[in-house]
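Trainee: Those sequence lines, one after another, are chains Z and X.
Read in UniProt numbering, the first sequence has 238 at position 238, and its numbers run on one by one without any break.
Read in UniProt numbering, the second sequence has 39 at position 39, and its numbers run on one by one without any break.
By construction, these hints were calculated from the structure, which means they are not laboratory data.
None of the values given here were measured: they were computed from a predicted structure.
Please note that a few of the clues may not be correct.
Pairs count within a copy or across copies, as identical chains cannot be separated in the list.
Within a straight-line C-alpha distance of at most 27 angstroms, the following computed DSSO-like cross-link-like pairs (lysine-lysine) qualify [as the list claims (entries may be wrong)]:
{"no.": "1", "residue 1": "Lys143", "residue 2": "Lys16"}
{"no.": "2", "residue 1": "Lys9", "residue 2": "Lys143"}
{"no.": "3", "residue 1": "Lys9", "residue 2": "Lys60"}
{"no.": "4", "residue 1": "Lys27", "residue 2": "Lys202"}
{"no.": "5", "residue 1": "Lys16", "residue 2": "Lys184"}
{"no.": "6", "residue 1": "Lys37", "residue 2": "Lys143"}
{"no.": "7", "residue 1": "Lys37", "residue 2": "Lys9"}
{"no.": "8", "residue 1": "Lys263", "residue 2": "Lys9"}
{"no.": "9", "residue 1": "Lys27", "residue 2": "Lys143"}
{"no.": "10", "residue 1": "Lys16", "residue 2": "Lys183"}
{"no.": "11", "residue 1": "Lys37", "residue 2": "Lys202"}
2 protein chains.
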Amino acid sequence: MKSSQITIKDIARALKISPSTVSRALKDHPDISPATKLAVRELAQELDYQPNSVALSLRKSRTHTLGVVIPQIVHHFFSTVIAGIEDVANDAGYQVIICQSNESYEREVQSVQALLGSRVDGMLVSVAQDTQEVRHFQNLINKGMPLVFFDRMVEGLEASSVVVDDFGGAYRATEHLIRQGRKKIAHLAGPENLMISSSRQKGYRQALEDFGFRMQPDLVITAGLTIEEGSEAMRKLLNSGQRPDAIFAANDPLAIGALKFLKTQGISVPEDVAIIGFSDEPITSLIDPPLTTVAQPGYEMGKLATHMLLQQIELKDEEEPELQRKELRTELVIRQSTSSEKKLAS
Amino acid sequence: MKSSQITIKDIARALKISPSTVSRALKDHPDISPATKLAVRELAQELDYQPNSVALSLRKSRTHTLGVVIPQIVHHFFSTVIAGIEDVANDAGYQVIICQSNESYEREVQSVQALLGSRVDGMLVSVAQDTQEVRHFQNLINKGMPLVFFDRMVEGLEASSVVVDDFGGAYRATEHLIRQGRKKIAHLAGPENLMISSSRQKGYRQALEDFGFRMQPDLVITAGLTIEEGSEAMRKLLNSGQRPDAIFAANDPLAIGALKFLKTQGISVPEDVAIIGFSDEPITSLIDPPLTTVAQPGYEMGKLATHMLLQQIELKDEEEPELQRKELRTELVIRQSTSSEKKLAS
DNA sequence: AGATTGTGCGCAACCGTTTGCGCCTTGGCA
DNA sequence: TGCCAAGGCGCAAACGGTTGCGCACAATCT
Chain Z
1 MKSSQITIKD IARALKISPS TVSRALKDHP DISPATKLAV RELAQELDYQ
51 PNSVALSLRK SRTHTLGVVI PQIVHHFFST VIAGIEDVAN DAGYQVIICQ
101 SNESYEREVQ SVQALLGSRV DGMLVSVAQD TQEVRHFQNL INKGMPLVFF
151 DRMVEGLEAS SVVVDDFGGA YRATEHLIRQ GRKKIAHLAG PENLMISSSR
201 QKGYRQALED FGFRMQPDLV ITAGLTIEEG SEAMRKLLNS GQRPDAIFAA
251 NDPLAIGALK FLKTQGISVP EDVAIIGFSD EPITSLIDPP LTTVAQPGYE
301 MGKLATHMLL QQIELKDEEE PELQRKELRT ELVIRQSTSS EKKLAS
Chain X
1 MKSSQITIKD IARALKISPS TVSRALKDHP DISPATKLAV RELAQELDYQ
51 PNSVALSLRK SRTHTLGVVI PQIVHHFFST VIAGIEDVAN DAGYQVIICQ
101 SNESYEREVQ SVQALLGSRV DGMLVSVAQD TQEVRHFQNL INKGMPLVFF
151 DRMVEGLEAS SVVVDDFGGA YRATEHLIRQ GRKKIAHLAG PENLMISSSR
201 QKGYRQALED FGFRMQPDLV ITAGLTIEEG SEAMRKLLNS GQRPDAIFAA
251 NDPLAIGALK FLKTQGISVP EDVAIIGFSD EPITSLIDPP LTTVAQPGYE
301 MGKLATHMLL QQIELKDEEE PELQRKELRT ELVIRQSTSS EKKLAS
């Protein structure tokens, strides 16, 4: 019924030995006699002794805790990344503290500060949509804090990162539309300051160029990240007098928003307009019509980023951290929103 | 470029004063002269001093950290709960460590142990599907660890909890089907050992009874939690010769799975069979036909659970913890999967 | 028998911060 | 001039665990 946990000192007192002996007995140190070890272990078991990892962290200056700064957990992609992070971290004996920036620069800075205060052994970061300034990250690097960016990295920092092949995914998506015979392919772009947005846009442009299309700037609309913004962007596009026969959206919610708006206008997908999203969120296979999209391996990204971070942590005292930038392959998942045949469902 | 952070001792040494003075200066203790305070603050600022919260935790036996044990982050409902937890916790100056049990009993036990070792100030728990035994939770209660269950609680424990009105939600869902003129209403139930499953089944049964329906046991199938299990259950149901005209599923994935299977059989929804899910996941409004479902306030649940937990933590040294069991209202969201009129879309 | 070796354990410092207590200095007052 | 009260600061212990070192004792060797 006591509210405090058993300590090594409690065991020492009960057994009339010193705390050091208890400590060594518990870790099977050769200096301790078998009899003492047995007694200590039995009592520890009986009292349900749990080592106080706070004390351990203080002593060792190692918390065995990783900090994660992420825009939003509720996005399916990010939660799969977290799943990957947790799996690798837990297997390696690390805990994970997650901080959501909610896409806000200020909360991101606060989160980084809080994690610094918690003395995490390393950080995994995907930057917020609002973030323009990167002094808080530069600060981490200066302090020698192990750091890996995932999915959304920032340019100009000496930090490791793991991203997906946004350019290639976008390229193949656009290529797919072209090969389906689409002639007027629009792009709904993500927020301008995110690298994922610009990479995807570049992939789109490159594909158009490679296949001899003339780039029409008014077919590219900076939309945002949400369903609502996707609908709104689609509305703008149609109002501008443009009538594309295909849409490549920078992410799935944008694509879904566009799809919804087109439905309200009686424009049918894929007959009149084909649509491709990005991420392969589970929802994309369930909507009508099922959405062609670019799959990004979120779980693998989380795993890889964490492996890289742990490696940095282990090597911390050695020579230079050896910066790594990894790119994971994306995969085009073709569904009915771009099929040129008649829709299958109904 | 140093890899370690500035401490109070570094400041003390630089200023040729004692660490105690630095400590007091930083917290504006009246014993310290204004001149000293100023000097300390300026240096602290300049060196970017961050209090070591590990040391603080050890000293105060308070980590200002909350532990969350949750089946899966990737479920939308749970991630909204986490968003609520994080918001309240961060506002109160607490960090959050999240452990996923992945619906496994063993990982749940491990997580609880790990959180105990981390000396979290309290825990928020939603139990795993596999969990039958509750000794690990009883253990927490015996130790006086503040504890609040959310969504999935366990019976027979003296612990606070916040759940949704599963019974009422299920009742109203079933009632809605009845009022739509459905005569043969089947139920796809969740895992048997989860309270949410039994509560929802009870609500279903009660509604049938209240409206004078005869309970047909073979219209109730224990399915699981996933889309695949929903499809499988629907298949079983049809193979058994039953042909219900309505389905109340214990959660959205089950409902979606059932819907998918019905589509493959050429059975149309809602004309031939009406379907209702549970949770109002965002996907439900986007599928074809949009799914009627029971909305549960996940974000509010997270907030409330955390408030209750923090209250328990603050009051910890006072008298008895005052057990609370809260129930949040659910709301029936009517969409086209149960509309008796002709479908709107297409 | 004396020296050497090994065994089993305790002492004390340390990680970074807080805090009760006591010390020294200064100034005001009688 | 002597006394007392503040004011301003440092000492040291404490939180729980780890670890280098040294100590006492017994066994072994020469």
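Trainee: Run every hint past the structure and note whether it holds.
Mentor: Hint by hint, here is what the structure shows:
In this assembly of identical chains, Lys143 and Lys16 lie within 27 angstroms of each other by CA distance solely across copies; the values are 25 angstroms between and 44 angstroms within a copy. Within a single copy, Lys9 and Lys143 get their C-alpha atoms only as close as 36 angstroms, which misses the 27 angstroms cut-off; across copies the closest is 18 angstroms, which meets it. In this assembly of identical chains, Lys9 and Lys60 lie within 27 angstroms of each other by CA distance both inside one copy and across copies; the values are 19 angstroms within and 18 angstroms between. Taking the closest pair of Cα atoms, Lys27 and Lys202 never come within 27 angstroms of each other, the shortest separation being 56 angstroms inside a single copy and 52 angstroms across copies.
Within a single copy, Lys16 and Lys184 get their C-alpha atoms no closer than 84 angstroms, and across copies no closer than 73 angstroms, so neither meets the 27 angstroms cut-off. Only between protomers do Lys37 and Lys143 lie at most 27 angstroms apart by alpha-carbon distance; the minimum there is 26 angstroms, versus 42 angstroms within a single protomer. Taking identical chains as interchangeable, the C-alpha atoms of Lys37 and Lys9 lie at most 27 angstroms apart only when both belong to the same chain, with a minimum of 15 angstroms there against 38 angstroms between chains. For the identical chains of this complex, Lys263 and Lys9 are neighbours neither inside a copy (70 angstroms) nor across copies (66 angstroms), given an alpha-carbon limit of 27 angstroms.
For the identical chains of this complex, Lys27 and Lys143 are inter-copy neighbours only, at 25 angstroms across copies versus 33 angstroms inside a copy, given an alpha-carbon limit of 27 angstroms. Proximity of Lys16 to Lys183 under the C-alpha cut-off of 27 angstroms is found in neither arrangement, the shortest distances being 85 angstroms within a copy and 75 angstroms between copies. With identical chains, the CA atoms of Lys37 and Lys202 are never at most 27 angstroms apart, being 65 angstroms at best within one copy and 54 angstroms at best between copies.
In summary, the structure is inconsistent with hints 4, 5, 8, 10 and 11 from the numbered list given earlier, while agreeing with the others.
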